[in-house]
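Please model the complete structure; the sequences and the hints are all you need to start from.
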Amino acid sequence: MKNCDNIKLLIQAFVDNELSAEEQNVLETHINECKDCQAELENAKKFNKLLKENVTKVDLPPYFEAKLWARIEREKSKRFSFAKLIPITVGAMCVIFFAVLSFQHLKTGKPDIYIVSPDVNSIVPDNDVTISAAFYNKPKSQEAQILINDEIVAREKESDQIIYTSDKNMKEGYYKMKIQLIDKNNKVVKEKEQVFYVVPDGKESEL
Amino acid sequence: MQFEEVVTMYSDKLFNMVFGFTGNYDDASDITQETLFLAYKNFGKFRGDSNIYTWLYRIAKNECYKHFNKNKTSLLPLNAEIIKEAVPDVENKLRIQKLISTLPVEYREPIVLKYYNDMPYEEIASTIGVPVGTIRSRLARGKEMLEKKLNLRDRGLSTSH
Numbered sequence: 001m002k003n004c005d006n007i008k009l010l011i012q013a014f015v016d017n018e019l020s021a022e023e024q025n026v027l028e029t030h031i032n033e034c035k036d037c038q039a040e041l042e043n044a045k046k047f048n049k050l051l052k053e054n055v056t057k058v059d060l061p062p063y064f065e066a067k068l069w070a071r072i073e074r075e076k077s078k079r080f081s082f083a084k085l086i087p088i089t090v091g092a093m094c095v096i097f098f099a100v101l102s103f104q105h106l107k108t109g110k111p112d113i114y115i116v117s118p119d120v121n122s123i124v125p126d127n128d129v130t131i132s133a134a135f136y137n138k139p140k141s142q143e144a145q146i147l148i149n150d151e152i153v154a155r156e157k158e159s160d161q162i163i164y165t166s167d168k169n170m171k172e173g174y175y176k177m178k179i180q181l182i183d184k185n186n187k188v189v190k191e192k193e194q195v196f197y198v199v200p201d202g203k204e205s206e207l
Numbered sequence: 001m002q003f004e005e006v007v008t009m010y011s012d013k014l015f016n017m018v019f020g021f022t023g024n025y026d027d028a029s030d031i032t033q034e035t036l037f038l039a040y041k042n043f044g045k046f047r048g049d050s051n052i053y054t055w056l057y058r059i060a061k062n063e064c065y066k067h068f069n070k071n072k073t074s075l076l077p078l079n080a081e082i083i084k085e086a087v088p089d090v091e092n093k094l095r096i097q098k099l100i101s102t103l104p105v106e107y108r109e110p111i112v113l114k115y116y117n118d119m120p121y122e123e124i125a126s127t128i129g130v131p132v133g134t135i136r137s138r139l140a141r142g143k144e145m146l147e148k149k150l151n152l153r154d155r156g157l158s159t160s161h
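Protein sequence lines, in the order shown, are assigned to chains A and B. To convert, note that position 65 of the first sequence is 65 in my numbering; the numbers rise steadily by one, no gaps. To convert, note that position 151 of the second sequence is 151 in my numbering; the numbers rise steadily by one, no gaps.
Just so you know, the hints here were simulated from the structure itself, not pulled from any lab data. Predicted model only: the values in this text are computed from it and were never measured. The beta carbon of each residue, even a glycine, is placed where N, CA and C say it ideally should be. One or more hints might be untrue.
What the hints assert, rightly or not - Residues from chain B that face chain A, not an exhaustive set, calculated with beta carbons under 7 Å:
| # | residue |
| --- | --- |
| 1 | ASP12 |
| 2 | PHE15 |
| 3 | SER29 |
| 4 | LEU36 |
| 5 | LYS93 |
| 6 | ILE96 |
| 7 | TYR115 |
| 8 | LEU139 |
What the hints assert, rightly or not - Taking lysine to aspartate or glutamate and the EDC-like style, the derived pairs with C-alpha atoms no more than 16 Å apart in a straight line are:
| # | chain 1 | residue 1 | chain 2 | residue 2 |
| --- | --- | --- | --- | --- |
| 9 | A | LYS178 | A | ASP112 |
| 10 | A | LYS8 | B | GLU144 |
| 11 | B | LYS41 | A | GLU73 |
| 12 | A | LYS187 | A | ASP128 |
| 13 | A | LYS49 | B | GLU147 |
| 14 | A | LYS52 | B | ASP118 |
| 15 | A | LYS49 | B | GLU144 |
| 16 | B | LYS13 | B | ASP118 |
Stated by the list, open to error - Label-pair ranges, simulated between beta-carbon atoms:
| # | chain 1 | residue 1 | chain 2 | residue 2 | range |
| --- | --- | --- | --- | --- | --- |
| 17 | A | TYR63 | B | LYS45 | 26 to 34 Å |
| 18 | A | LYS57 | B | LYS41 | 24 to 32 Å |
| 19 | B | ARG58 | A | GLU75 | 33 to 41 Å |
| 20 | A | ARG79 | B | ILE52 | 20 to 28 Å |
| 21 | B | ASP118 | A | LYS78 | 33 to 41 Å |
This is the structure:
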């Protein structure tokens, strides 16, 4: 029986033309003596024929290759787009780089003054005259000062801002204020001027 | 070898193999497209240490598994309408095709490569990556299973043919 099992393998290989001459001899010898295996061989031949006749080879679907190449082209163009992005990215990085440089320049650039209050040509009540300013890039070596009608009313050394509040009611009228940054030799490095109008308290709303 | 040559030489063979493996024309179309697309993307990595068809076969087999996991209905009988257009005498063919695609993978593989790709045992063995002796026994066993599924033995149809 065990021998017949091995012969079955030979039979299947035989119908597929896959037996060596030696194996073919073994098979033939066995078949001549074994009716079961003889029937098995006949069956195998017929089944093999049936399979070959009924296994249907199919044609590629319509436009199969065209679809594939279209997909491949899309992939190529994606890669191309990515490649195109590289100079754009480099460009963007340059812009950012120069922006950062400019910012750094701003940060380390020349000192500047920003007047916080009063506003330009503003009318202020006589009991609440407050002058304040902020400084950009003010070196420690420089001092800031506030002048009203060319008279120094406040001075600041360390801070990046300066505030002056009048401790007495100021007379009604126009005043010219100056914010200055001065160096060690009292030379004005930067200056901003502004005018404001002082009125008695409560009158500012009438003007 | 250029990829264009790969497509020209192997699309049809690959498609038939996948068709035999899945038993579904539409699935075979999708899987073969995906296989060749992946092959295109990885063509630079193909080192040529195996046969190009073996390489394609392994990608396709992997894609079949992915497809089965994604869509379990792909093991249903193939689309009869489409096959009817392609081949006459569809009933018998359809039945056998359907049965092949329901065999366990280890038996289906050699049968598909043998009958859809006309490969000799040696080539089937190297494509699947098993010894020739294993192919012999798997083919014999696979055919026996098919015969039983077709009830040919019980009804004596194949012998009375």
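Out of the numbered hints, which ones does the structure contradict? 12, 19
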